[in-house]
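Construct the complete structure from the given sequences, taking the supplied hints into account.
In our numbering, the protein residues as written are 1 to 372.
These aren't lab readings, by the way, just hints derived from the structure by calculation.
Please note that the accuracy of each hint is not assured.
Stated by the list, open to error - Simulated crosslink set (DSBU-like; lysine-lysine; CA at most 35 Å straight-line):
(1) LYS105 x LYS125
(2) LYS105 x LYS134
(3) LYS53 x LYS294
(4) LYS53 x LYS105
Unchecked claim - Ranges between beta-carbon positions, derived for each pair:
(5) GLU141 x GLY341: 41 to 47 Å
(6) LEU220 x GLU39: 40 to 46 Å
(7) GLU50 x GLY147: 25 to 31 Å
(8) GLU208 x GLU31: 43 to 49 Å
(9) GLU106 x GLN42: 53 to 59 Å
Backbone N, C-alpha and C define an ideal beta-carbon position, used for all residues, glycine too.
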Amino acid sequence: MASLYVHVPFCPTLCPYCDFHVVRRGPGWVEAYLRRLREEAQALHAAYPEPLKTLYLGGGTPSYLREGELVALFQALPWELARGAEVTLEANPGTLSRERLQLLKELGVNRLSLGVQSFQDPVLKFLGRAHGRKGALRAVEMSLEAGFRVSIDLILGLPMQDLERDLEEAAHLGVGHISAYTLQVEKGTPLALLGLEEDPEREAWAMERAEAVLGEAGLLRYEVSNFARPGEEARHNLVYWRAGFWLALGPGATGQYPGDGPAYALRRTNPPLPRWLGGEPPAEEALSPLEYAKEALMLGLRLREGVEVDLLEARTGLPLWEALEATARGLAEEGLLVLEGRGLRPTREAFFVLHRVVLALWEALDALPVRP
Numbered sequence: 001m002a003s004l005y006v007h008v009p010f011c012p013t014l015c016p017y018c019d020f021h022v023v024r025r026g027p028g029w030v031e032a033y034l035r036r037l038r039e040e041a042q043a044l045h046a047a048y049p050e051p052l053k054t055l056y057l058g059g060g061t062p063s064y065l066r067e068g069e070l071v072a073l074f075q076a077l078p079w080e081l082a083r084g085a086e087v088t089l090e091a092n093p094g095t096l097s098r099e100r101l102q103l104l105k106e107l108g109v110n111r112l113s114l115g116v117q118s119f120q121d122p123v124l125k126f127l128g129r130a131h132g133r134k135g136a137l138r139a140v141e142m143s144l145e146a147g148f149r150v151s152i153d154l155i156l157g158l159p160m161q162d163l164e165r166d167l168e169e170a171a172h173l174g175v176g177h178i179s180a181y182t183l184q185v186e187k188g189t190p191l192a193l194l195g196l197e198e199d200p201e202r203e204a205w206a207m208e209r210a211e212a213v214l215g216e217a218g219l220l221r222y223e224v225s226n227f228a229r230p231g232e233e234a235r236h237n238l239v240y241w242r243a244g245f246w247l248a249l250g251p252g253a254t255g256q257y258p259g260d261g262p263a264y265a266l267r268r269t270n271p272p273l274p275r276w277l278g279g280e281p282p283a284e285e286a287l288s289p290l291e292y293a294k295e296a297l298m299l300g301l302r303l304r305e306g307v308e309v310d311l312l313e314a315r316t317g318l319p320l321w322e323a324l325e326a327t328a329r330g331l332a333e334e335g336l337l338v339l340e341g342r343g344l345r346p347t348r349e350a351f352f353v354l355h356r357v358v359l360a361l362w363e364a365l366d367a368l369p370v371r372p
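Structure follows, in structure tokens:
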């Protein structure tokens, strides 16, 4: 339990594609949020006091908080940081200044995840972003000059986007990490209500071009939607993809904790802001060893490194390889998996049909006898 996610729900704008738990500032809401966060953090720290190896502050827009609020946010977290800990803060370009960046460094942040999305003004306007091309470039430049590890987000495959231009510009900024993904039109968002539909063929082409352009610049695809220079991988997110355990604070935040009894893991999800402020406890979902193994396969095959089945067997006590071997060898013959002992590595082709690969392996696992 050496990783912590903190959700900061406040945003200056509500983007039309976003379905995260975000809210605008309301009278007294930030103050109430900080008070409740301190209470929740103290209780969680009492149960899990180990120093943190990764701390991730997401949202929302954590960088949208005022200076005093940022200081109070970090003061609310009683954990010590392990030596060399990765401390990531999500930021929108329009919320950064040289003074703000200096404060973040003083608070211990060493990695910024910038919600750039595009370097083209028409695309940014379509996405409802508050910044423009110049603001995005300035934010990246200032963050690098201040000495932060920098990751940027890009949305790919939009109808009005010059994809090659965005990729080339991103590739040569000097950042160490890029999260590049296609737009998911989520139900109930303004873009969905406008009738915008996803285009799988255009999206597949966009990810192929991202792999080629970013790879040529030294940013290698280590996860389905993430590219990094060697050593710049997102250590906190690797905890998720490797099906680890992590702590979570804040409204809407989800953590995964060791289980007890028949449950291998417990997933706890906090309620939205108003109910969270009122002290409502998190919803809890127990994962059996088999459910955990299936999720670990799904998440692990998003990574180029893949999944070590022996490790999953040791964690869950289930004879997983016995159930998976025939299907895994069949997928290997199709060119979708590489088998290294009992390790399953997705090929480049697998990334484009990952849903089918995972379903096939899940069906194989469903043949395991159910334990009482």
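Cross-check of the supplied hints:
1. LYS105 x LYS125: 31 Å, holds
2. LYS105 x LYS134: 24 Å, holds
3. LYS53 x LYS294: Since the Cα atoms of LYS53 and LYS294 sit roughly 26 Å apart, the hinted pair holds (cutoff 35 Å).
4. LYS53 x LYS105: 17 Å, holds
5. GLU141 x GLY341: 41 to 47 Å: 46 Å, holds
6. LEU220 x GLU39: 40 to 46 Å: 42 Å, holds
7. GLU50 x GLY147: 25 to 31 Å: About 27 Å separates the Cβ atoms of GLU50 and GLY147, which means 25 to 31 Å holds.
8. GLU208 x GLU31: 43 to 49 Å: Holds - the Cβ-Cβ distance for GLU208 and GLU31, about 48 Å, lies within 43 to 49 Å.
9. GLU106 x GLN42: 53 to 59 Å: 23 Å, violated
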